[in-house]
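J.: Chains as they are written, first to last, in our numbering: chain Z, 1 to 498; chain C, 1001 to 1251.
Simulated from the structure, these hints should not be mistaken for lab results. It is possible that part of the hints are untrue.
Simulated restraints on C-beta separations [unchecked claim]:
| no. | chain 1 | residue 1 | chain 2 | residue 2 | range |
| --- | --- | --- | --- | --- | --- |
| 1 | Z | Thr-105 | C | Val-1129 | 23 to 31 angstroms |
| 2 | C | Gly-1080 | Z | Arg-83 | 33 to 41 angstroms |
| 3 | C | Leu-1115 | Z | Cys-19 | 35 to 43 angstroms |
| 4 | Z | Ala-301 | C | Leu-1115 | 52 to 60 angstroms |
| 5 | Z | His-466 | C | Leu-1115 | 52 to 60 angstroms |
| 6 | C | Val-1128 | Z | Cys-19 | 25 to 33 angstroms |
| 7 | Z | Ile-453 | C | Arg-1223 | 50 to 58 angstroms |
| 8 | C | Val-1014 | Z | Arg-73 | 22 to 30 angstroms |
| 9 | Z | His-466 | C | Val-1212 | 54 to 62 angstroms |
| 10 | C | Val-1129 | Z | Ala-330 | 53 to 61 angstroms |
| 11 | Z | Glu-445 | C | Arg-1217 | 44 to 52 angstroms |
Backbone N, C-alpha and C define an ideal beta-carbon position, used for all residues, glycine too.
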Amino acid sequence: MRVMASVAMVMNLDKCLGCSTCSVTCKQTWTNRDGTDYVWFNNVETRPGVGYPASWEDQGRWRGGWGLDGSGRLRLRSGGRVRRLSRIFANPEMPSLDDYYEPATYDFDMLLSAPAGEHMPVARPLSAVTGLPMAIERGPNWDDDLGGSSIYAASDPNLTALHDQGLGDQVRLEFEKTFMFHLPRICNHCLNPACVAACPSGAMYKREQDGIVLADQDRCRGWRMCVSACPYKKVFMNRLTGKAEKCTFCFPRVEQGLPTVCAETCVGRLRYLGLVLYDLDAVEQAAATEDPTLLVEAQRAVFLDPNDPAVIAQAEADGIARDWIAAAQASPVWALVMKHKVALPLHPEHRTLPMVWYIPPLSPVLTATTQMGGDNTDADDVFHAVASMRIPMAYLAQLFTAGDVDLVAGTLMRLAAVRTHMRALTTGVGRDAATPVGLSGADLEELYRLLAIAKPAQRYVIPRAHREDAARLASWVTGCALDSPGGVGMSPTGAPAS
Amino acid sequence: MSWSVAAFGVWPYVALAVFVVGHVWRWRSDQMGWTTRSSQISEKRLLAWGSPLFHVGMLAVLLGHAAGLLVPASVTTALGISEHAYHLLAVTAGTISGTVLATGVVLLLLRRFVLKARLRLVTRRADVVMYVVSAVVIFCGMWATLQHNVLGAGYDYRETIAVWFRSIFAANPSVDLMVGVPFLYQVHVVAAFALIAVWPFSRLVHVWSVPVGYLTRPLIVYRAGRQTSELVRPSAVSGSGGSDYPVRRAR
Ligand code: SF4
Ligand code: SF4
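All chains, please: the whole structure from these sequences, using the hints.
T.: Put into structure tokens, the structure is as follows:
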């Protein structure tokens, strides 16, 4: 056993209103530059829908993530190392700008400079790529709230998978009536990152101290294999520098004990940040679990109980500081993922062991319960709805459990039990909701507090990076750009960069 | 100094000096800019053909040049390869790889300078210079081969150009040998050294980053602690990583 600490996130999809505040604040922080204009480290997509980049889940096209080879060993879906190197001159599996969208600006100048005339001047859209007038036909969230669903939602790769199971045609109709939710996505800072494994120059790496996966701007040589290898399409090529960039988990903030920008600014307050201790030695074997539907449990088994004395002793032996162990014990991620098991990873079948987990959306089920004439505060009625809503459950299972419907249903039932239990507590009416889902009343109350009323201090439990590093860290944050080659004013021509 | 001494006695050394010093400077000052600067994200249809044809053709052509320039005729003769057989082999292999290379170059030039909309603003001055010089090198080389060795009576560069080329590295350039060389070959050679001089300032530096280490390293890379290079540097954050990234304009 080798104990490692990793930062992790849980998002409660029930509370996401799809406002995209997270996307905007993230973009303002990290990707508001030429070259990354089309890049959204954080994006929010409507489900069902094609997402961003369009059909990113269609691994038939991109060959992202890991599979197993004939003898059950992990192997990137894009093949062995030699195959990848042989595709280095042109990577056939890499999405192009058209799969994201062509970023645009508007000819605002026209509004001011147009000569006086009979008609209002119009600001035409101009492509940020070519500088030429363009028609805007796609965006990072083009099918928001099921807009244009007959085209977009219909081509959702998860629905295609259901179609193959014979559930296809009903899906479209039923979904649009009863089921829609938003899915905010960032890089999952995976335990078994496919992007890192695919990088020929060793520029993509995982930080030992906190598991954050980064793209080293100095060592990236623009081979582009990470972009196609990430099954979540969360590595992007900067159009101008030709280098890979990705979500940084806001490491400069996290090192200071601050939440990521997306979490801090989330309007729905649905993001939880915390540490998870895990066993590095168990990662590979877990990722190679043969049956994809067992991958969620396999990943849970890699996580280590921070309250277990043996784990604590080993963690200390492996150099994890006391305050980090304490943070792992107070981690909301541990509580949601391991203790109460209400969170699931996105597309575990890609075997990257993602560290961003999701609490699946219960509200569409509640709506359906009411539509079916049931009482949505009554656990039995909701359980009944969960059990009978075959298609939405199958859809959620495609997203979160590699197709295991029972696992999704069980998770939703635990969430329903929280509501029923709290209602019984406050009104004195209702029955025991805890026992059927295998939790205690105290568990449900703790879950209620965490899900409904937790303050930032409980939602974000992030230990600061160690003081030993602080001086160097501060020198970076406040440092002079002239200190490093390539900094402002250090351009080859000596001209200050505009 | 006569033009021949300038072109064949001095220019190669200037170019090689720029090549060496330029690389040292670039490596030390511009890791951020050290990349293929792949534009696949912007355009991939023509690239899918152009780039592999270009690279494979180029590798074959370089091998051919190494054989032709570095292996003296006396060695191949000693190995029992007749002049005629050598000529036949060199011209055939050269023509095939040259055609592959030229097709690739044409596609890449077409992509970047004719059907350029998407690439217009990402093409830098260094790219233009590099493309122009390499195009001159490649097309003069192809043309010379066609005119003299495929259609013509055959020109034995191993008695002149190759000997001169080796003499450069002996620090005693036999400029005289180059004076009578057909004009196209002369241009080819001078332009080739220009390309060598441009090399460190262009995206060609990616050649030195061929990721052979990838074949043997552990797949998952962990890094401990913090290193300067791991930080997203101010240059990356402010988007001023290079000298002349085109600034997007509204119109
Ligand atoms: S989600 Fe992040 S860590 Fe995982 S493979 Fe993609 S880019 Fe890498
Ligand atoms: S800010 Fe929060 S609520 Fe708004 S879209 Fe992002 S995750 Fe959803």
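J.: Starting from the range 52 to 60 angstroms, see whether the pair His-466(Z) and Leu-1115(C) falls in it by beta-carbon distance.
T.: Holds, since His-466(Z) and Leu-1115(C) (Cβ atoms, about 53 angstroms apart) stay within the stated range.
J.: Has the hinted range 50 to 58 angstroms been met by the Cβ atoms of Ile-453(Z) and Arg-1223(C)?
T.: 39 angstroms, violated
J.: Holds or violated: the 53 to 61 angstroms window for the beta-carbon distance between Val-1129(C) and Ala-330(Z)?
T.: 59 angstroms Cβ-Cβ, so the 53 to 61 angstroms window holds.
J.: Regarding Thr-105(Z) and Val-1129(C), is the given constraint of 23 to 31 angstroms on their beta-carbon distance met?
T.: 30 angstroms, holds
J.: Just to be sure I understand the hint, the distance between the Cβ atoms of Glu-445(Z) and Arg-1217(C) should be within 44 to 52 angstroms; is that true here?
T.: 50 angstroms, holds
J.: Looking only at beta-carbon atoms, does the pair His-466(Z), Val-1212(C) fall within the given range of 54 to 62 angstroms?
T.: About 36 angstroms separates the Cβ atoms of His-466(Z) and Val-1212(C), which means 54 to 62 angstroms is violated.
J.: Do the Cβ positions of Val-1014(C) and Arg-73(Z) conform to the proposed distance bound of 22 to 30 angstroms?
T.: Violated, since Val-1014(C) and Arg-73(Z) (Cβ atoms, about 54 angstroms apart) do not stay within the stated range.
J.: Note whether the CB distance of Ala-301(Z) and Leu-1115(C) lies within 52 to 60 angstroms or breaks it.
T.: 53 angstroms Cβ-Cβ, so the 52 to 60 angstroms window holds.
J.: That 35 to 43 angstroms hint for Leu-1115(C) and Cys-19(Z) (C-beta), does it hold up?
T.: Cβ of Leu-1115(C) to Cβ of Cys-19(Z): about 40 angstroms, so the range 35 to 43 angstroms holds.
J.: In this structure, is the beta-carbon distance linking Val-1128(C) and Cys-19(Z) contained in 25 to 33 angstroms?
T.: 45 angstroms, violated
J.: Would you say the C-beta atoms of Gly-1080(C) and Arg-83(Z) sit inside 33 to 41 angstroms of each other?
T.: 40 angstroms, holds
When held up to the earlier numbered hints, the structure conflicts with 6, 7, 8, 9 and fits the remainder.
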